[in-house]
Amino acid sequence: MANTAIGGRPAGGALPVRRLLAPSSRGAALTFFVLRRVLWMVPVLFFVILITFLLMHLAPGSPWDRAGGRQLSATIVQNLNVRYGLDKPIWQQFLLYLWNVSHFDFGLSYQYQGRSVGSLLVNAWPYTATLGVLAFSLIVVAGVGLGVIAALRQNSRVDYVAMGFSTFGASVPNFVVGMLFIIVFGVFMYKLTGGAYSLPVSGFGLDDHLIMPVVTLALLPTAFIARLTRASTLDILRQDYVRTAWAKGLTERLVVLKHILKNSLIPVVTALGPTFAFLVTGSVIVETVFVIPGIGSSFVTAVLSRDYPMILATTILFSIVVAVANLVVDVLYVFIDPRVRLT
Amino acid sequence: MALPIPAAPVEEVDWDVPEQVGLWTDVWRRFRRNRLAVAGAVVVVILLADALLAGLLQQIGLIQDPIKQHVEITLAGPSAQHLLGTDYLGRDTLSRLMYGARISLTIGILVQAIYVVIGGTIGMIAGYAGGRVDNLLMRFTDIWYAFPDLLFVLVLVSVFGPSLLSIFAAIGIVNWVNLARLVRGQVLSIKEKEYVESARAVGSSHFKIVLRHLVPNALGPVIVTLTFGIPAAIFLEAALSYLGVGIQPPTPSWGVMIQDGYQAIYASPWQVTFPAFAIAITMLSFSFIGDGLRDALDPRMRQ
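These protein sequences, in sequence, are chains A and B.
Per my numbering, the very first residue in the first sequence carries number 1; after that it's consecutive.
Per my numbering, the very first residue in the second sequence carries number 1; after that it's consecutive.
The set of hints was computed from the structure by calculation and includes no laboratory data.
Computed from a predicted structure; not experimentally measured.
Incorrect hints may appear among the rest.
[Said to hold, decoys possible] Simulated pairs of lysine-lysine, DSS-like, Cα-Cα distance not exceeding 25 Å:
no.	chain 1	residue 1	chain 2	residue 2
1	A	Lys258	B	Lys208
2	B	Lys193	B	Lys208
3	A	Lys248	A	Lys262
4	A	Lys262	B	Lys193
5	B	Lys208	A	Lys248
6	A	Lys248	A	Lys258
Okay, chain A solo, but in the shape it has when bound (with noise of 0.2 Å):
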């Protein structure tokens, strides 16, 4: 108010009249930019289709080497090239592929006979899904907080502990953690308490089930997005602007939260994105361990008995996931940090 008046300019004269505006006009240039990102999926769907086709026929073998258990009669193989449509060229088998994929119709699975690829991801992925969207979660808390923590406390003893964890957390592999796990919390808890208190070994409910596959899943992710705060936080801290508003007797809280970690956020939000699109779709390795009916291990078995459709089915999943999540990166970027322009 009292700026208008020093202008000489009547209320609500230019300047608030922009002011109004400004919101609205990047509310606009965001719904814009998405709308465009999210038609640019398709051609990226397309290419990943092409180049997984493509993979899929230049590599080794072929679907029907491990079927039964035995090697099978060329006329045997001959007819199932002809039920599932391999004996054509394969321009038509692409062409037709992306024809049912436009009517969702991502056809029948090879390793498990008479079922539609369709049917079994929509069965399995829920369970890859929640098991990923938690791990996420905790990958998000405990990575961040460790990382922020340690930055903030360099060189103390939190900092090597956090240090020291995240590097335990690269160099064990997951299956073996899973398998320590296994062993620590079911087998020998067992036996300690009698029975009483352990936790699951195998099986799949979402109760206690969950535990060990969450956090065996969450290890690496989250020693690695400790790592990445720590670092992108140690960056900022020996910013100008950070040294100011500790000179201006800002309280820790503010410095931290307002100065600090929305700076030092852009890297992490870039590893988060990936980082998500590969939980829900699964890990392999926790899938198996721990006997869970998600879609991570179906896609390995896919690719190793060439399930053909299969392998796209899971590959057009993964790259709409990866694709949005790159999506929801490049938007919170502008949220982060408001110099950044969209393109």
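Start from chain A and add chain B according to the hints.
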């Protein structure tokens, strides 16, 4: 009328300005002063020497044959004869660990070089150029990220054969995407900062802005990504061996040793512990070196 200007007492001026040294001399000087970084560098040199000299050490009898099987003492714990015990075929773990450094260090380190060259360049161009270039490059990385890398590796290795070269080419070519996105995100934010703007205002070339401002300021997260990339590449190599398209047995590598040890984790937890420890030491040394390098390159800490 001119005022008499007193002659400046030249002798009394404090000439104690710091000695002018070049950027890299200064970087090296500051790097040497960082004890953790030097310790990391020493460990890496020892590991590399071990990888190079493993054959010699075996010839002079310090370590045993890494592929000779002693079937009477499989999965033994540490003993005088086998300092770190034996694996499931009775092979000497110490010797396999030392020979394993050859493949695991080569894969772990060289793959990072591929990441930097491909991922760093693409991320830098996309972030710095922005606009259409950024969009096209990032959609390209979306595609690259999405198609199944396992298939890609299978195709590559089946075409070129399971040699060390094709394995690390496969791992490197598949996984540069994360670094590209990370660098691009950093650059998008850094290039709008005041100091880059002033550099542009005084007419610095793009090349100089990238080298002097963007690279040093984006370095921290990049170093973390690369140090985490080392164990990841070592494990990927092992996964490929497991599928039969990696280094063929009985050649030892740390990743394969972990997988072999995992099969017998109940009988002898040692066999997982030692290679995991070697990988942890390697990774820790490189992250110390990386942190030291970043501090040494930080212009705000220049002397």
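Keeping to a limit of 25 Å between CA atoms, is the pair of lysine 248/A and lysine 262/A held or broken?
18 Å, holds
Would you check the hint for lysine 248/A and lysine 258/A, treating anything up to 25 Å between C-alpha atoms as holding?
14 Å, holds
So if I understand the rule, the pair passes when the alpha-carbon distance is 25 Å or less; does lysine 258/A with lysine 208/B pass?
Cα-Cα ~32 Å, so violated.
Taken at face value, is the distance from the CA of lysine 208/B to the CA of lysine 193/B at most 25 Å?
With a Cα-Cα distance of about 16 Å, the restraint between lysine 193/B and lysine 208/B holds, given a limit of 25 Å.
Taken at face value, is the distance from the CA of lysine 193/B to the CA of lysine 262/A at most 25 Å?
15 Å, holds
Pair hint lysine 208/B and lysine 248/A, alpha-carbon separation not exceeding 25 Å:
Outside the cut-off at roughly 35 Å; violated.
In the structure shown, a violation is registered for the earlier hints numbered 1 and 5, in ascending order.
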